[in-house]
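K.L.:
Listed below, chain by chain, are the residues.
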Amino acid sequence: MKVCRRCLYTSLHPLGLTFNEEGICSGCTVHDEKNLLDWKARRSSLEKLVEGFRNTSGQNYDCIVPVSGARDSFFILHTVKKELGLNPLIVTYNKHYNTDIGVRNLARLRTLLDCDIFTQTVDPDRVKRITRATLRRFGNMYWHCLAGQSVFPVQIAVKMKIPLIIWGHHQGLDQVGMFSHLDEVEMSRRHRRDHDLFRQEADSLVSDFDFVKSSDVEPYRYPHDEEIAAAGVRGIYLGNYIRWDTKAQHERMLDLYDYEAAPQTRTFDTYNDVDCWMHSDVHDYTKWCKWGYGRATDHAVRELRFGRLTREQALAVASHYEEKEPLNMELFLEWIGMTRFGFNFNMDQNRSPEIWKRNDQWRWARQEAWGEAHRLAAQNPDRLPENKDGCVFQTRKSPSVCDSPDRFILIGKGEYRSPEIGTPVAV
Amino acid sequence: MRLNIGIVDYGLGNVRSVQNALERLDCRVFLSRNEETLAKADALILPGVGAFHAAMHEITTTGLDAILRRLAIDQRKPLLGICLGMQVLAEWGEEHGRLRGLGFIPGEVKALVPGAGRKIPHVGWSGVALRAAGKNLFSRKAEDDSYYFDHSYVFDAPEKYRAATVAWDDELVVAVAKENVMGVQFHPEKSQNAGLRILKAFTQFTKTC
Amino acid sequence: MYSPRIIATLVIRNGHHVQSLGFKHYLPVGSPAESAREYDRWGVDEIVLILTNDSGENARHIISSVADAIAVPLTVAGGIRTLWDAHNYLSWGADKVALNHVLVEQPDIATAVAHQFGSQCLVASVDVWRTGNKLFRYDHWLHSASSVELLDWIHQKIGAGAGEILLNFPQHDGMRIGMDSEAISQVVQDVGAPVIACGGIGTVQHAVDCLRTANPSGIAIGNVLAHFEQSILLFKEGIKTAGAEIRAAVKATYNSHRFDPRGCPEKLDDAKLDELLFHRIEPELI
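Protein chains in written order, with the working numbering: chain U, 34 to 460; chain B, 154 to 362; chain R, 119 to 404.
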């Protein structure tokens, strides 16, 4: 096992990682391109590319933009609509784990930026059965979100014959330098299956044992190659053409659009996962169980590469958050109908043996090789120049309320009170 | 109804891909050289990659020649030879001297003759011209399909047993058929969907037997 | 006659499919089997795996998982030092083995492999180095051109039993500057065995130019295949549009599209897209 001399990523990173002769990882070397490329020229490339996709008949949209109540959705849509002057159809997959902040952010997004939106909400019973299956089979409770978010825009593109989909950043490029910015990598089913979906596409989940039928996974099926080719569907990443810095981008949106941001359980980044009860909580806890590190490491590495954290600070903040108990575990367990014992059992089957072992007290502990590799890398670290901006993440709460008995409700949260149970069941 | 397909195991040939392809067609597949086991199959596949003399040596020393004669000729079990597996169906092979083949289909295996622009081995993808004897293997769709070839020898069979041909200086026989015994020079298990269609046709022929 | 093969090369390092730049720098792409599966679905004609440092059980896992994921011929290069290694690769799922440095260190191994497994299983992989007008075999261990002239070397290896020749161009690998079509043409015209060329393709136009100028039996494309959806299909469409006979492997087609310089499809006319709105497109069935 090897650790990058600059950031904290290891050779056991689930997306894969390579190292150069100086022991610097591929993620860091590709990140360096941010300071070397001519971003003005890249911006011009982007403008030229999207120009060819403008609708000329007045009867369809120029492009599709996948959004949520967080994750640079405001920045992406602002860039597409206000700066590139395109007419997008925005689409969103309902994650079910939505927070009220996420609902308000999404409401603000579609209203202030004045866009048509398609939402897909798969029925809760199906989603729960699928999630029980993915948790049992590979220790993951977020599969349906990743599958839905990545396929719904493509399904709409194919159905409505809107060939251009505009995404934000490419996770593989950003984290592990899977591609150079100059590769101008585009969306592919191959990447979705291998990395977003842990090599399990929709049909792999069909099983009598898990009570998942073929019709249950229909919403998550990728369109046929024939349909994609006929319409010429392409998905581009703004991160290949814009010097992507999610912290700076969110801070612009806080001011421009009153974007709400809030503290998270298992990371210091208050911007990216604010719409979801689970992402920086139970879901991140499962990542920690499997791979021995969490989102806080990803965020710390990201900020380190921008010079806003030193290596020591990054290690400290990642260590601080990685063992935090997920606060919303009970919420999840109640929703899915599982006990903590059952949840732990599932996670125990999925711990990576290269990273974890049972110690003398039969508790999970990381292998010695993990600590040794980190110590070795820390002995001769590669340091970047410090960025004086520092690394403070803001919080922001909006005073507005989205539901009201006296006004038009564009799309509300709604609540059903069952007379037998007597407690509200959120929808 | 799921078919049982027996792949004849004589130590030559990449059987894994053949097995994967047949399983994709929902067949039950097993590998054997034992007569009792092979007799349970609804149809047999004879794979093969390498040299004629090596294949015939294995087939004769293991007694598979007599076994296959009993199963395919006497009992008329459908048999599909692939690549070298097709070539050993011939009466004679000329590699390293003249050697007897199984003799299930008349004809002789000869070396390909290099010519202007013709590289040896014949490697790559090619479409085929369909012939009357190939009606159980090739559907009309096969006119548009290409298959993967990799060989330096060719089975020169009489006209009436030619199932498909490819243009060379004159015609190259690339598939043969005589009643329930068939052979293809190309690799259907390496020819993506086109190859699957051939294997499917073979399984459908088997169901009619 | 057969059409030129469009071949995907997958460089493998530490069990990952990687992008390779001059075989010195690598960027991780993902699982070899997932990449191979996708290229196969898109109708690739052949796959070449280049193992740069995996051996033993790791090599077995990589080769067999790739072989199980595809229904096209698989050639594996890298790490073959003995007849036993060749036997292993073939039994793990390779259809052909490509030998490179070992041909220098053990001159008899080509004959031994061809005799044991047949010439059709043996590919002689040669690294080409151009110095002005002259072409030499490149020596990987010395990081420089050897004194052996390229054509001499190739003829020796064909005489020893190689069924195909795979030409690699380290000066072009990962550079996206196009192929050395002139060198490839020289070899194709001089030798009787099929020649496949690899190294330098960045756009569809590079592939078209090489096929047109040099007419190899096949061209092998590496990094760029991972950059966009259905890349194999787009390469084939571009090559077909330029007039070459190319195997149409799958039903999916871009035959109504125009393409940008990279080879990616431009937007169809809005009228055409409107027409497609109510047109049901069926997937291919076997």
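FYI, nobody ran anything at the bench for these hints, they're computed from the structure. Accuracy of the hints is not assured; some may be wrong.
Stated by the list, open to error - Quick look at which bits of chain R chain B covers, simulated, 3 or more residues with Cβ under 8 Å:
#, stretch
1, 134-143
2, 228-240
3, 245-252
4, 377-388
Claimed, not checked - Straight-line Cα separation of at most 25 Å, DMTMM-like style, residue types lysine to aspartate or glutamate; simulated pairs:
#, chain 1, residue 1, chain 2, residue 2
5, U, K323, R, D392
6, R, K369, U, D415
7, U, K192, R, E175
8, R, K142, U, D236
9, B, K272, R, D378
10, U, K280, U, E54
11, U, K81, R, D378
12, R, K369, R, E300
13, B, K353, R, E223
Claimed, not checked - If the Cβ cut is set under 10 Å, some of the chain B residues that face chain R in the computed set are:
#, residue
14, L178
15, T190
16, G256
17, P259
18, E342
19, K343
20, K353
Yeah, the Cβ is synthetic: ideal placement off N, Cα and C, and Gly gets one too.
K.L.:
Can you give the numbers of the hints that this structure goes against, from lowest to highest?
P.N.:
Of the numbered hints given earlier, those the structure breaks are 1, 3, 4, 5, 6, 7, 8, 9, 10, 12, 13, 15, 16 and 17, listed in rising order.
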